[in-house]
Each structure stands twice: as structure tokens, then as C-alpha cells.
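Trainee: Spelled out from the first residue to the last, the chains are:
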Amino acid sequence: MIGFAGLSHLGLVSSIAAASKGFEVLAFDPDRALCTDLQQGRLPVYEPGLAKLLETHRERIRFTPDVRELRECDVNYLSLDVPTDAGDRSDVSVLHERMMELLANSAPGTALVLLSQVSPGFTRRWEQRLRSTPEWRDLSLYYQVETLILGRALERALRPERFIVGCDDPRQPLPAAYRELLDAFGCPIFPMRYESAELTKLAINMYLVSSVSVTNTLADLCEKLGADWAEIVPTLKLDPRIGPSAYLAPGLGLSGGNLERDLATVRTLANEVGADAGVVDAWVANSRQRRDWVLRVLHSEVLTRNDSPTVAVWGLAYKPDTASLKNSPAVHLIEALRTAWVRAYDPRAVLSSEGRPHFRQVDTALDACRDADALAIVTPWREFALVNLALLRERMRGRTIVDPFGVLDKARCMREGFDHVRLGEPLEVKETVA
Amino acid sequence: MIRHLQPAPALRGRVVVLGASGFVGRDLMDHLSSLGVETLGLSSRNVNLLEASSVERLQSLLRKDDTLVFASAITPDRGRDTRALMRNLSMGEHVAAVLEKTPLAHVAYISSDAVYADDAGLLRETTPTAPDTLYGLMHVTRERMLALAAQKSQTPFLVLRPVALYGPADTHNSYGPNRFLRSARGDGKIRLFGDGEEKRDHVYIRDFTRLLGQCLLRRSIGTLNVAAGRAVSFAVLARTITKLCERPVCIDCQERNAPITHRHFEISALLQAFPSFAFTPLHEALAMTAGQLAAAA
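Taken in order, these protein sequences are the chains called H and F.
To get our numbering, take the position in the first sequence, counting from 1, and add 61.
To get our numbering, take the position in the second sequence, counting from 1, and add 103.
Keep in mind the hints are simulated off the structure, nothing from the lab.
Source: prediction; values computed, not measured.
Among the clues, some could well be false.
Stated by the list, open to error - Computed cross-link-like contacts, DSBU-like style, restricted to lysine-lysine with a CA-CA straight-line distance of at most 30 Å:
#1 H/Lys285 <-> F/Lys204
#2 H/Lys285 <-> H/Lys298
#3 H/Lys113 <-> H/Lys82
#4 F/Lys302 <-> H/Lys285
#5 F/Lys204 <-> F/Lys255
#6 F/Lys302 <-> F/Lys292
Unchecked claim - Some chain F residues judged to face chain H by a derived CB distance under 10 Å, without partners named:
#7 Thr229
#8 Thr232
#9 Ala233
#10 Thr236
#11 Tyr238
#12 Glu246
#13 Met248
#14 Leu251
#15 Ala267
#16 Tyr278
#17 Gly279
#18 His365
#19 Leu374
#20 Ser379
We treat Cβ as the ideally placed atom computed from N, Cα and C, and that holds for glycine.
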């Protein structure tokens, strides 16, 4: 049996994915109400396809608030998402508590697998504690790299490209039960020392951030030089050194928390060991600059032209197919629009209006646009592309659509009389100076 | 980045301006008066900040609910050397000594974008300070001196770092709008280095004092660059000015004695702090400045 301790987004997706591969799964969380909800098929997080997968494989997964039941398992995952603070630094205190709990409730011979987001050195320190504590010596400890992508978590959990497993000694075979579980996913397995695995996770995200930053930098240049990034992208995708899956869509900077956490970790590590991480500062600065792109366009087009403007915001989540607001550009925008009235709509995410007297969340995309001087589409949910533009025109007072991701068709918007602004295209905002 | 301690604009006490006879100080006094704010303008005639006795003198003039604006400095046109640096630091030392012992409602220090390196790329408040000149070094040092003093007396502290300011009352005559306007009116020539390719951000003095006024009304703390967010080349600036002049003006391109550098500002922090603040378009502000210069003549 496979155990999972910690049922946040990561634990839920991973445990249900394991059940779907035919394994008996015991999923533990100390929150009794959460376990009751899960046992009845009610998920606390939104992830496309997850509820259906749970429903299909419910007979193989049991949710329990009793940690002692983990003694029945051959492999126990510590699968808690590690929270981050306002500076995107991990708070691993909960992880330490859960680790102690897991050690105390795992039977001798169990393989313990850390799936949570930890920094290089974390697993080795626990391994040393295991070796120096007689009652834990029969346990083996592994670190398995997770690359959860909210909104696409299931697809990645069910069809991973590879497994990266940090080991005390990578020359030793993995425990049979653990190996059997990983083999069920039919992808290559890369055992390596703990530190390498921990750094691999950072390496993956650093490469992604560098792509995102390069794309955003070049899109910014396009806007100012009269080029259109959309025309350039297809040529880059055909270059094998860049590739069809490269992050070539310009966006509003880094959000969601995971990439930001890893940047903070790399900066801290580099500082500790005396390595140069100046590039990380540049990425962070680039991200912040792009995050405020919508605000800059709105400032130029609307905020300085109306005494009491109303701005409609479509999308609050940091990206589509999630309800997460972590480092969401929409939330930053709304915080900055305190001299305007803001009406927002999001299919999943909810933002409190407490402490935001200028803000109201409404139930439909069109309702958000009532008497709006401008519309900002900050999260590119697919459903926004289906909105009737003629109705939108009727609802709005103004004609400005700030659509960074190009959710709406520009030509159609223009035919309806809108001014449509997208990331990466020549920006013709009215300048505040000559 | 700045934060407003006061949610809605309001100013209960008085605003005391150090450097009230200077370019910024005078315009600020005018602007605050137009808002009905009580002001006390101090210049070197009232309190000579170069003298140690200014500490006691200033202390005796200040009240607990005062807002203090420190807009006094020996500008580069009056000295770029070590002596000017030391004199400026001495002024900073005296104001810091007052501030350390005298809690106030709010203190605003008028610094400069000279705190950044000439080739620092896109500038924002988080850009490390790396001044290329003693003038910039002076501002960095005074910012730190005053921040420490304000911390000791628990006085809310604001630093504004404006780009080059221009307006009819400017006496500095530095390379840019003011010099171009004056020389166009004077001998009908605007002298550019090279072809005037360098791009700079320029802010009209009244825009700066309006923004500073809003910071005072909201008791803003932190550090904010004051730039319009759109840099234009000196060549564009010169051509705009020629169109404002009644008689023909010749643009004279002279040999460049320094490499071309550009200076752009990313002003999201300003937009977040004051989302509806609008800078006067450059051509309008230049026209106003030209008109006021003509009227004064």
C-alpha cells in the first residue's frame, strides 16, 4: 500500500494518480473534516479532471485523519505543499513537524519519499538524523522531484516525462514497492544523490524562468520598436535549439509562487556559498516590470482621462484552470486601481472585497463590464473568447480592451469599434509627453 | 516604492520648506499656498544650514506637527567638486541632527536621479544606487543620514528622486529644456552634443510639486523616482522648442565629448502610488515655460 501524508494540491493529485495506476492508497491528513469531504468525493481544490478521476478510482483510495494507519504502508510520501511568505521564501516548519509524525508512524523497512518543495541540503540533513536514531535506522529516505503545474497537474502526474529520485546512495536499487509504483507510470527513472535531485528541480524552473524572461524582454522590445512578437514566434519554434514547447508566449511576469520560491531559494543558496546569482535579480526585476503592463496601459488610456473611471477585470486567478490567487497580476492590478471602480469576474477564483472598497466581484463576464471605461483581461480563461462582442459593446461605456494574452480576436474587436491592446504588438498608447 | 500612511489626502499641520527660495522650494510654496496649506519657507537668509548654529535655530522654529521638506542643496552649476560635496554633506549633517532630536509629522527629502549610474539601463526604485558624480554621491549619503535620523525620532520619511526638472524659474541652466529655451530666445541657437541622440526623461516643475504635494497630503513614506516614464532625445526636445519660438532657431550640432547614454524610467511604483496622476505632456509644458519666460522678459 502507498501512503500519502499531507493532502494539499500536491498530495491530492499525487495520491489520486497513484490510485489510478491500480495501487491501494492511504491518504492521511490531520484535518478530519477534509478527510470526510474527500471520502465523499468533495475536493477542496480545483484541478481539471481530478474529481472525475477520484470518482473512477475511489475504491482504491482511503482518506484518513489517523496518522497511525500509515504503518500499513510500504511507501510513505510526505506530500505537503510548502507554504511561502510574502517574500516567496518557503516556510518548512510544518514540513519538519510532519516529517517527525511520519517517522514515528512508519513501519520498519518503509520507504519514505519526500515530495514536498525543499531546498538542496534538506533531505541529507534528515538522512543523517535517520542514521543516528536507532528506531529509524530501518527506514530509507528518498526525495522525488515534483513539477506540479496547477491547471495541468493531472496530465503531468499521470504522464510524467521522467522520475528524478534523490537517494542516499544512487548505486543501490530502489525498494521494490517504490520501484513498482514508479514503473507503473512507464517513464525513465533517474536515481541520483539527494543534492543533485534537489538542484534538478531548481534547474528545471530556472530554465523556464529564463525562457519566460527572454520572451517578455523581447515582447517589450517589439511593443516599442513596432515589431509583432506573434510574427516572430513560429520561426523560433522551428529552431531545434528553442523548440515547439518553449515558453514563447509573453505574459505578465512570474506568478503562482513556485517559480518565485525557487528564485528566492537560488538567491539564498548563491549568497550562502558565494556564487553569482545576479541573473536572478534581473529576472525578478523583469517579472515585476511586466506584471504592471496592464496598469501602465490603463494609466495612459483611461485613468488619467476620467475623473472616476470604472475598470472591468476578467480573471483573478494567476492563470486559467486554477482558483489560486498567489502572486496574481490581477490582484496586484486591483490593489493599484484604488482611484477607480473595479468590477471583476473569474470563473473559479474568489477575491474578498474586504479592505477593497473600490472592488466588487460579480457573477458573469458581461456584468463586470457594465458601464466600464475599459476592460482588462488579466487571466486568459478560454470562456472569455466566447463572449459576444456586440453585447460587450452595449455594456461598456468606453472602448478600450487591454487583452495582454490576445484572448479576443483583435480584428473582430476593432470591427466592433474597440481599441484592442495586446502584449508583444506595437503599442500605440497615447503618450503623456510629446 | 512608497506607502501612504494617510488613506485620504489631508494635512493638519504646517509645511516647513528648507530651500524655499530655490527652484523647487519656490514652486512648492506656491502650489501648497494654492491648496490652502500653511507654509513656512526657510532659505539660507533665515537659517544657514552650512553653519552649526543652524541646528539650534531650526529646532526652535519647528513644531511637533510640522511636515519638513528638505529641498536645499548646492547644485552642480554652483560646484561639482569636493568642496561642494562637503558643504552639501555639512547641510545634511545639520538637518539630520535636528531630525534626530525632533520628532515631526513627516519629512520629505528631495534627492535626485543622479544617485543612479549613467549606464544603469531601465531605472526603477530597486536599481542599486551607484552615482557617477559627487553630486549623486552627496544625495545617496544625505538620504542615508536623514533616514537614520528619522528612524531615531520615529518620523515618517520620504525620499523623492526626480529626473531633470524644468520650468521658467529654473536657474541651473543645465543641458536640456531650460538651456535650450533660453538660448533659443537669446541668440536663436540650440547647441546639441553630437546629434542629440541621448534620451532623457524630463519633468515639468509644477508636475513635480503637485506630486510632492500629494505625497505630503498622504504622508507617504519610502523612496520614489519621479519621472514621466517616457524619455525623449535631446534632438526631439530641441525640435519641439524651435516650433515654439516665433523667430527661426538654428540647431547647432557640436562635437560630442562623452559617449551616448540613455536614461529610461520604469514608473510602475509611481502609477501604483498615484494611479490617476497625469504628467503634463512635454509640448504643453514646454509651451507654458516658453510663454512664462517671454512674459517675464
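Trainee: Run every hint past the structure and note whether it holds.
Mentor: Each hint tested on the structure:
no.	hint	in the structure
1	H/Lys285 <-> F/Lys204	50 Å, violated
2	H/Lys285 <-> H/Lys298	23 Å, holds
3	H/Lys113 <-> H/Lys82	15 Å, holds
4	F/Lys302 <-> H/Lys285	14 Å, holds
5	F/Lys204 <-> F/Lys255	8 Å, holds
6	F/Lys302 <-> F/Lys292	20 Å, holds
7	Thr229	7 Å, holds
8	Thr232	15 Å, violated
9	Ala233	14 Å, violated
10	Thr236	24 Å, violated
11	Tyr238	25 Å, violated
12	Glu246	21 Å, violated
13	Met248	27 Å, violated
14	Leu251	24 Å, violated
15	Ala267	13 Å, violated
16	Tyr278	18 Å, violated
17	Gly279	13 Å, violated
18	His365	12 Å, violated
19	Leu374	5 Å, holds
20	Ser379	4 Å, holds
Checked against the numbered hints above, the structure violates hints 1, 8, 9, 10, 11, 12, 13, 14, 15, 16, 17 and 18; every other hint is satisfied.
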